[in-house]
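Student: My request is simple: use the sequences and hints to build the entire structure.
There are 2 protein chains.
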Amino acid sequence: MGSDLENLGVAAGINLGLATIFIAAYSVAIKMPINTRVYFPALLQRDPSKFKETGKTGLERFMLNLRLLDWLHGALKMPEEELIATAGLDAVVVLRVFFFSMKMLFPMALWGAIVLIPINKTDNNVQQQHAVNPKSSFSAVDQLSLSNVQDRSDRMWAHLLSAYMFAFWAYYCLWKEYEYITRLRLGYMADLQPQPDQFTVLTTEIPKVDAQSSETMSQRVARYFRVQYPDIYFAHNVVINANPLWALVNKRDKTANKVDALRIKMERKPRKGRPMHRTGFLGLRGPKVDSIDFYEKELSQLREEAATESGIIQSSQKRVVNAAFVTFRNRWGAAVAAQTQVSKNPQLWITSWAPEPRDVYWPNLGMSKWHQGLRRLAVGTAVFFLVFFYMVPISLVQSLANLDSLRHIGTPVKEIVDVPVIAGFVSGFLPGLVLKLFLALLPLLLRTMSTFEGHPSTSTIVRQAAIKVYYFQLVNVFFGSILTGSLFEQLRSFVSQPTKLPETLGNAIPTKSSFFITYIMVDGWAGFPAELLRLFPLLLYHLRVALFVVTDKDRENAMNLQRLHYEELLPSLLFYILLGLVYAPIAPLLLPFLLLFLVIGYVVYKNQIINVYERQYESSAGLWPFVANRVIVALLVAQITLLGVLSLKLASKVAPFAVPLPVLTLVYSVWLRDRFEPNFSRYPLESANEKDVIDSVKYPSWDLRDISDAAYTHPALAKGLTLDAAIPSVEELKEQQLVPVKAKYRRASNPASAASTPRTSRAPSPTRNGAHVTTEDELDPGDKV
Amino acid sequence: MGSDLENLGVAAGINLGLATIFIAAYSVAIKMPINTRVYFPALLQRDPSKFKETGKTGLERFMLNLRLLDWLHGALKMPEEELIATAGLDAVVVLRVFFFSMKMLFPMALWGAIVLIPINKTDNNVQQQHAVNPKSSFSAVDQLSLSNVQDRSDRMWAHLLSAYMFAFWAYYCLWKEYEYITRLRLGYMADLQPQPDQFTVLTTEIPKVDAQSSETMSQRVARYFRVQYPDIYFAHNVVINANPLWALVNKRDKTANKVDALRIKMERKPRKGRPMHRTGFLGLRGPKVDSIDFYEKELSQLREEAATESGIIQSSQKRVVNAAFVTFRNRWGAAVAAQTQVSKNPQLWITSWAPEPRDVYWPNLGMSKWHQGLRRLAVGTAVFFLVFFYMVPISLVQSLANLDSLRHIGTPVKEIVDVPVIAGFVSGFLPGLVLKLFLALLPLLLRTMSTFEGHPSTSTIVRQAAIKVYYFQLVNVFFGSILTGSLFEQLRSFVSQPTKLPETLGNAIPTKSSFFITYIMVDGWAGFPAELLRLFPLLLYHLRVALFVVTDKDRENAMNLQRLHYEELLPSLLFYILLGLVYAPIAPLLLPFLLLFLVIGYVVYKNQIINVYERQYESSAGLWPFVANRVIVALLVAQITLLGVLSLKLASKVAPFAVPLPVLTLVYSVWLRDRFEPNFSRYPLESANEKDVIDSVKYPSWDLRDISDAAYTHPALAKGLTLDAAIPSVEELKEQQLVPVKAKYRRASNPASAASTPRTSRAPSPTRNGAHVTTEDELDPGDKV
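One line per chain: the protein sequences are A and B, in this order.
Residue 312 in my numbering sits at position 312 of the first sequence, with consecutive numbering throughout.
Residue 438 in my numbering sits at position 438 of the second sequence, with consecutive numbering throughout.
No incorrect hints appear here.
Think about it this way: if two alpha-carbon atoms lie no more than 30 Å apart in a straight line, the pair counts; the simulated BS3-like pairs of lysine-lysine are: (1) 344(B) <-> 176(A); (2) 698(B) <-> 344(A); (3) 369(A) <-> 344(A); (4) 288(A) <-> 251(A); (5) 176(A) <-> 208(B); (6) 103(B) <-> 121(B); (7) 344(B) <-> 103(A).
Keep in mind the hints are simulated off the structure, nothing from the lab.
Tutor: See below:
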């Protein structure tokens, strides 16, 4: 009796214990200066001075900050505006999603505890079922759920009423949150400094230049846009396929670093003599060579190749692709150009709002629509099969979760499993962990697939990956956990008999609440503090520092600065929102567990966003519509499930009244999209105008020409072209004020940092020499490239 | 043996006979001058001189033009460009649809006759079935169809191959036609004279003016657009709800006409004394009054009311609705404004390309999106029920079509029915006719519903009605004819088991080919010539002339000038295209009948378009995307049907190869829409620019101010406001050169004719006095309205 409650208790104990251990360990570990690069990489990057000022030794500082949970206080007290300013709006939206879910689910949990659980508990369906069929498991958790209400009972009116209340509350929350985030987004964009993407449009599918025509791509773009957008066209950057150059430049830098490292090693331990290595397989075979000579030779060869490649880029049309960034005189012009169809053939000269320079995914630019279409079809098919045939690991988890099946393995296993703590561990921790590990591999795969689809910006790639991950989780974790038999079989039966869906859901969902409660505990209660501790990056960092780090660059690489993986976090979060909404009217016991999960997650991620993750690009809350649309999906699934449960419980009076709910949700979603979504894909002219006017007052001396030069240039060109002029040394560059030494590598991987400090990167800019930037004022018909 | 072939022959004979009679009657009737207003109303309206020049008597002219079929020659010889110039592009698109279907179906028919029919005929499945079960009807028509091929036969490879060939041929035809019509559309719009709609955008959902604010709607619009579209904003017309005034004015005109008629009657027959009538129910009860006095009193009262109403319009904000027509300095500006989101709230200040002035459906302007949404939901639900429960008449037709059921009525009926000619008539003519009659009522109803949905232009209303009619026909005529049981039951079974659809179709379709052949013969072979003869309008006109016509206006009204009812013709045509595509691989015998139908239809409608239909508005081929999308639907239905037939015939080797066909069609349709559809909803900036430049050369003295005044004014205002100035007589108006007398009524129903002759309607324009037109140059903050 109550064995499942006991198991739940054990699982809760284990997970809370783990959480405490992780948090304690983290609280200690962050005090050690040696871990600064693991726990504060983002802060270190933003404000290095913070970590240098104190002259105290590590131990002194450690003793000084003995208040172990001050990090918690620090994280929680930071207001939203400051967070937006430091970490960007994209990161803040993630926290808003945590906050939104808490706000939406807390009243539901309260209502469930006060009204629904008493109603369920005072009936006795579970007991009766057990009495009729003693073999069926008797579950104390089920006693608190709708399962305990007898068939045909009028008590189900309460659940129906709750479902309506929950739905309207969810509509309200979603509406308010969408409104709030839209305001944040518009406000954020209005407050931004003048930036190139505000003035720029990406145009693709530029018709190919005839072989006979003497017109270059650049001339063609200038001519077309000057005619079609008279007065507002300003300049353009033709996109150049610098990907081969990019590869060469990267290889060159790695080799240069290797040479540096070898030299430093030799200086430190001169008696070891010049380092040698073998050139063959893994350095184990082949002739022995002098390493420094060898790599220097390789380096000079790479430099030559890069010079040749950059020569091709400069002197011919070979590397010009049919895409261009077109800059307009004002934001209004760019907003107009991004939203209008310019060509008579709508498949040519397609314009879209340009992503931020650092958000541009260069390798995908210039891919034709046809090509993209084919790739998307291929990826779509692949994802379909992945989603529906990735169930092998999931079913493995299912069999692990089942204590009975473990007991059947043999006597020793049975004895071990029968120890209550281990039973709790097996049913409460192991399945979730295994499932989690399998799922951890997935986002990388799906991100690669999304990249392959040919989207022009990283933020779009991440969004597409997030959508794929979400559907994967929905099908595999949610449906995979609650349905029996192969997923593909299930799909077939749903396609041929879609009306059976509510029944199937209604049959399976109520019995699975304890499984999902343990899943929540493992993933959130213990998982989020583990994310805080960053055990794996911590070990990796120290291992690297101990073994490989020689040059400064090595140390920087070892830090392994990472962005927040939205495509992993958001789908998981959305999956939990789905669980919450589905179980709110059916088994409200799940909600308190979920709420604790959300609280822990909120704190952990707020801390990590401040200290750990690098902000690689900013899409200004561009992921929010994805979240909102998935919440709608969750509502639909929840409402269809309730309909199924009610029908199965033969509530013939109540069930028909549940039918309008999903319809209502669909109507609501149409309104919601119509009201808010356009602002996440377009720049309203009103906003563009306002910013044009205000910024002309706020930044009176600011000139568009300052940024339009280098902003939209392939990062390889900024690096590669410096090679032409007799390979200037870093000192020379420093004198030219071209690149601050520290920023050299960052700039290369991040062209926008150049744009945000336009004045330093101007004067003798190498990209200017490359002549692929053409402002209208300068262009003349003889212009090359 | 072959009884169904005989029946088909009889039906063909009857219908061809009828066709001959109709055509002969028409050929004679059009020679009679008395019928001019029935057979040449459009021509009469365009070019009245054509019908007056000859001094000959009616008989002389009749004898002169004894070549009876010269109308046919006249219709056929008119080239497309001339037709576009006289009848407009919308009408020409209808002819293109006839032409396109012929082009698409003719090679299919040929291939069917040469390849498929021999393959079918040389098998013997039908005979065997008959031998096994003698009760089953033996059909000679089925012997020519796929039904005659034995189960599992390898002959079905031929049908599969044909389906692929047909699909690719259909793709090609559709692509070429879409391209051609897009070219026509862009060319047509490029050749148009300067017109107000080229410069104008309709903006709706203007935020309500506060009660405290002293700003009028007009000032608000001017302020907003001048800021958001600087440089290109030119002027605007606030929309005024003149619908009450409109009703009063119409009633006033009717009463005035009544008074005129009474006076003329009295003059003609003075001895009869002053006409009297009773005021009570139907003029049968109540006190007797002097009619002229009575109506004159009513007339003056109506004039007063109209004056009061127009006073309200002029002096207050009460009748101003939150919509406006905004005119821009050039076409480029209007194209930009129509395509961009201007407000931060995408549900406010919604802009869309303005319909032509004569296309504007005034009563719907100013309806809020919410209101429209609710209405569309209501209409959608109503249409759903209409579509699925309108089957009573259809099943009646079904039972009529069945000779056996008629025989069961009783001996006398049986004897009559067994006469071969009558049997042919019953099975070949009657069912189609009854079906047709029921269907004739429908477009009116669906048009009313579409009007109720709140679309701002007549062309959109017609398009929406056409979509509804199409789906009605698809479900009721197509599925209703081939499926057994109630349609709603069928729908339920399809929703719960969608994969059963191909099987059900495959089961029913092949056996219904003779039914549809007779349907085609009745509708096309006899129906189109009946359309030519216009028997009903002919009788109605002469009846009216004989009984009611007194004033000139009466005669004009009796003419009953009608537009081409696209919402009836196009769905029918598309239904036949569906039949053609479905039966092309299955029962190719149907195609020759269909082709003859198309030829007759093409000739008839070309003639009618030239002579009969009034062009009430021009949407520049705006209906074509609807047609193209429905052809795609037809292809899908055809391919799914074939899949079903092949599966039912156990062609386990062949059937799987039919699965990719619908997928291919879907992919193709995505491409097709993407490639062409945007040009039917947007004005590409390239085109707008070109026209701006060319027209500035072509019409150098043309000034935008000439048209922007009166173009977008509620038709009632042009009429109603003339009442203020002491009700000027027609002579006075003539002197003012305001309205040509003849054109007075036409202008009222057709505000665009005023716009297309801008110079005459300018100077002391009454609408200018109404001050609801505001150009930017004139507006000052104290401006009223």
